[in-house]
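J.: All chains should be modelled from the sequences, with the hints used to inform the complete structure.
In our numbering, the protein residues as written are 197 to 832.
Honestly, the hints are just simulated from the structure, not real lab data. Note that the coordinates shown come from a computational prediction; the quantities given were computed from them, not determined experimentally. A portion of the hints provided could be inaccurate.
Claimed, not checked - Here are the simulated PhoX-like pairs of lysine-lysine, each with C-alpha atoms no more than 25 Å apart in a straight line:
| hint | residue 1 | residue 2 |
| --- | --- | --- |
| 1 | Lys767 | Lys731 |
| 2 | Lys702 | Lys630 |
| 3 | Lys618 | Lys570 |
| 4 | Lys634 | Lys684 |
| 5 | Lys201 | Lys340 |
| 6 | Lys222 | Lys371 |
| 7 | Lys659 | Lys737 |
| 8 | Lys444 | Lys254 |
| 9 | Lys450 | Lys578 |
| 10 | Lys713 | Lys737 |
| 11 | Lys728 | Lys785 |
| 12 | Lys676 | Lys569 |
| 13 | Lys389 | Lys327 |
| 14 | Lys558 | Lys569 |
| 15 | Lys630 | Lys687 |
| 16 | Lys794 | Lys728 |
| 17 | Lys676 | Lys617 |
| 18 | Lys475 | Lys503 |
| 19 | Lys267 | Lys359 |
| 20 | Lys767 | Lys790 |
| 21 | Lys503 | Lys554 |
| 22 | Lys682 | Lys630 |
| 23 | Lys327 | Lys359 |
| 24 | Lys387 | Lys359 |
| 25 | Lys676 | Lys618 |
| 26 | Lys359 | Lys265 |
| 27 | Lys475 | Lys562 |
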Amino acid sequence: MAETKEFRAESKRLLDMMINSIYTHKEIFLRELISNASDAIDKLYFKSLTDDKVGLSKEDFAINIYTDKEKGTLTISDNGIGMTDEELENNLGVIANSGSLKFKSENESTDDVDIIGQFGVGFYSAFMVAKEVGVRSKAYGSDKAYVWKSTGVDGYTIEECEKDTVGTDIILTMKEDTEDECYDEYLEPSKIKELVKKYSDYIRCPIKMDMEHTHRKADAREDDYSDEAYETHIVNETLNSTVPLWRKNKNELKPEDYNNFYKEKFYDYSDPAKYIHSKTEGTTTYDALLFIPSRAPYNYYSKDYEKGLALYSSGVLIMDKCADLLPDYFSFVRGLVDSADLSLNISREMLQHDRQLKIIAKSIEKTIRSELKKMLNNEREKYEEFWKNFGIQLKFGIYDNYGQDREAVQDLVLFTSSFEKKLVTLDEYVSRMKEDQKYIYYAAGDSVEKIELLPQTELLRDKGYEILYLTDNVDEFAVKVLMNYKEKSFKSVSEGDLEIESEEEKEQTQKLAEENKDMLEYLGTALDGKVKSVKISEKLKSHPVCISTEGQISVEMEKVLNQNPTNERVKSEKVLELNPEHPIFETLKSLYGKDNDKLSSYADILYNQALLIEGLQIDDPVSFANKVCALMSQSN
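T.: In structure tokens:
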């Protein structure tokens with residue numbers, strides 16, 4: 197009977213933590229054990245390059261998986277380097293003492309050999325699913341084999357055993373099922389195949405397993421669907437792909453290879469709008485395969501959508517969606533990143549603060565931005581189709597985080613323009629500005645059609661000024677954050693002075709304002725705090741009246757902010773502007789001092805009319821209707 201040895205105190209605590217809390221999903225135990233087996237094979241393969249006695253070629257190496265439902269065991273077997281009794285003691289008796297890391301440090305020329313399990317902790321994830329773990333191993337160059345056994349924190353034994361071939365067998369005796377956990381599922385070949393495809397599909401050596409395959413018998417009648425018409429064969433199947441698509445040379449691949457990979461990997465029935473296949477070397481080396489979808493997922497603009505790229509380390513899946521690899525404004529991008537430079541810690545999942553990860557994320561962001569810019573410049577129709585699906589997200593990128601990312605996306609955004617009613621970039625707008633034009637003019641509203649009806653836009657268009665039409669809720673907030681583009685400030689058509697008048701016209705407006713100062717003040721008083729002031733307009737052409745605003749909150753922003761389900765109501769500082777060229781202005785002048793009650797009614801009607809044009813609700817529709825009817829009666 198072999199002597200039971202205790203784990204060291206710190207190892208015992210770590211093992212207990214491993215079993216109960218470190219790993220998020222129990223199923224990753226298979227990933228960890230396969231990665232360890234791959235390490236062992238890589239070590240012996242490396243040795244075979246200089247030692248003819250190994251007697252194995254690259255094609256001879258493999259990992260084999262076996263299940264025994266009667267005994268309740270799962271075995272992962274490799275023909276790698278193996279371990280001596282001393283190595284079993286040091287590698288498995290002391291948690292986090294990694295033989296892989298030691299091998300890497302002692303062999304400086306192993307850059308072409310991936311050593312995955314450098315931190316020596318993943319092995320113990322087996323205890324999440326197994327009540328006993330056995331490791332039977334024979335080291336290369338040794339005549340003896342040894343078996344390490346443990347049931348967990350109580351300790352372990354090491355004793356000599358029989359094993360004919362070099363390598364290691366890890367035998368897991370699975371736990372009994374509970375109400376919450378089904379451990380038997382890990383004895384199902386179909387489940388093992390699923391987990392290998394998910395986590396270890398790109399391990400470079402083949403992972404093999406006996407799988408049942410059922411076929412119709414050649415001599416079975418066409419109408420015979422009984423059990424006797426079928427036969428079952430056991431096939432030793434390779435479960436993994438071994439060579440990832442992203443590690444192949446681009447000249448080996450065709451567009452359909454990328455498209456098929458995307459549709460299979462990300463469950464989309466449409467080809468992507470664009471794919472990006474890149475290999476980056478430098479401070480951090482990584483391969484990336486990125487896809488820009490041709491349509492938005494059904495839940496993209498909901499809280500249920502999860503952004504992120506699949507993250508691999510040397511072909512081993514670390515996590516399905518690593519959110520830290522993508523900024524929010526590029527959250528629509530799908531794909532993966534594979535790097536051997538990541539500092540994998542205890543669970544291979546805690547990477548939030550990893551320096552290399554931040555370097556990769558910054559590089560990925562630049563790559564995506566560059567590719568989108570190329571699409572915008574060279575494939576405008578395709579880009580505009582992309583914009584329909586994901587444009588709002590880029591606009592949020594300007595507005596989000598207090599505008600700290602605005603420069604990253606400002607050249608990618610599009611707005612509908614009064615110029616031919618087409619989508620334009622800010623750069624295209626600025627390139628067409630009049631020689632003396634100071635501002636980038638914009639108007640916000642529910643739709644292009646409604647914006648064009650705004651009184652404030654008429655004179656600008658008549659004088660040949662281009663206007664950007666902002667129709668999404670986020671648009672005006674984004675523009676406010678941008679503040680300027682290429683030293684040109686943004687100005688809403690609803691702001692006070694648009695600075696399109698000549699000096700002579702300005703003098704005339706000031707003169708009229710001075711001449712009618714008392715009447716304008718009376719109208720403001722009659723509106724009883726509904727507006728900050730009433731003024732002579734410089735921007736109206738054929739319409740009698742409009743609303744403009746002062747301060748940071750515009751009329752359109754007021755509408756958007758008040759859609760939020762809160763008790764607080766936001767109000768813009770409104771100014772009622774009157775068109776001195778419209779006949780109604782003469783009517784107002786004639787009433788002032790003679791029939792101020794009627795003038796007050798006119799002020800209220802004009803104010804409510806201006807609100808309706810802006811798409812705002814009026815406070816008292818009944819009173820408004822009665823005043824209009826009274827006015828109509830008087831005219832008869």
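J.: It remains to establish, for every hint, whether it holds in the given structure.
T.: Now for the hints, and whether the structure bears them out:
A C-alpha spacing of about 19 Å is found between Lys767 and Lys731, which places the hinted pair at or below 25 Å, so the restraint holds. Of the supplied pair hints, the one linking Lys702 and Lys630 holds, its CA atoms being roughly 20 Å apart against a limit of 25 Å. About 20 Å separates the Cα atoms of Lys618 and Lys570, which keeps this hinted pair within 25 Å; it holds. Taking the CA atoms of Lys634 and Lys684, the gap is about 6 Å. The hint holds against a cut of 25 Å.
Proposed proximity of Lys201 and Lys340 is supported: the alpha carbons are some 21 Å apart, at most 25 Å. Pair hint Lys222 plus Lys371 holds up; C-alpha atoms about 12 Å apart against a cutoff of 25 Å. Among the hinted pairs, Lys659 with Lys737 is consistent with the structure: their alpha-carbon atoms are about 11 Å apart, no more than 25 Å. Restraint check for Lys444 and Lys254: satisfied, since their Cα atoms lie roughly 19 Å apart, inside the 25 Å limit.
The suggested pairing of Lys450 with Lys578 holds, with an alpha-carbon distance near 20 Å, which does not exceed 25 Å. Between Lys713 and Lys737 the alpha-carbon distance is near 21 Å, which keeps this suggested pair within the 25 Å criterion. Simply put, Lys728 and Lys785 have alpha-carbon atoms about 20 Å apart, close enough for the 25 Å limit, and the pair holds. Restraint check: the Cα-Cα separation between Lys676 and Lys569 comes to about 23 Å, which is no more than 25 Å; the hinted pair holds.
Restraint check for Lys389 and Lys327: the C-alpha separation of about 22 Å stays at or below 25 Å, so the hint holds. With a C-alpha separation of about 17 Å, the suggested pairing of Lys558 with Lys569 holds against the 25 Å cut-off. Restraint check: the Cα-Cα separation between Lys630 and Lys687 comes to about 15 Å, which is no more than 25 Å; the hinted pair holds. Between Lys794 and Lys728 the CA atoms are separated by roughly 21 Å; this keeps the pair inside 25 Å, and the hint holds.
The hinted pair formed by Lys676 and Lys617 meets the criterion: a straight-line CA distance of about 23 Å does not exceed 25 Å. Between Lys475 and Lys503, the direct Cα distance comes to roughly 22 Å. Compliance with the 25 Å bound is thereby established for this hinted pair. Simply put, Lys267 and Lys359 have alpha-carbon atoms about 20 Å apart, close enough for the 25 Å limit, and the pair holds. Simply put, Lys767 and Lys790 have alpha-carbon atoms about 34 Å apart, too far for the 25 Å limit, and the pair is violated.
For a cut-off of 25 Å, the pair hint linking Lys503 to Lys554 stands: about 16 Å separates their Cα positions. A distance of roughly 15 Å separates the Cα atoms of Lys682 and Lys630; the hinted pair therefore holds under the 25 Å criterion. With a CA separation close to 23 Å, the supplied pair Lys327 and Lys359 stays within the 25 Å bound. Simply put, Lys387 and Lys359 have alpha-carbon atoms about 28 Å apart, too far for the 25 Å limit, and the pair is violated.
A hinted pair counts as satisfied when its Cα atoms are at most 25 Å apart, and Lys676 with Lys618 qualifies at roughly 22 Å. The straight-line distance between the Cα atoms of Lys359 and Lys265 is roughly 23 Å, inside the 25 Å bound, and the hint therefore holds. For the given pair, Lys475 sits about 14 Å from Lys562 by alpha-carbon distance, which is consistent with the 25 Å threshold.
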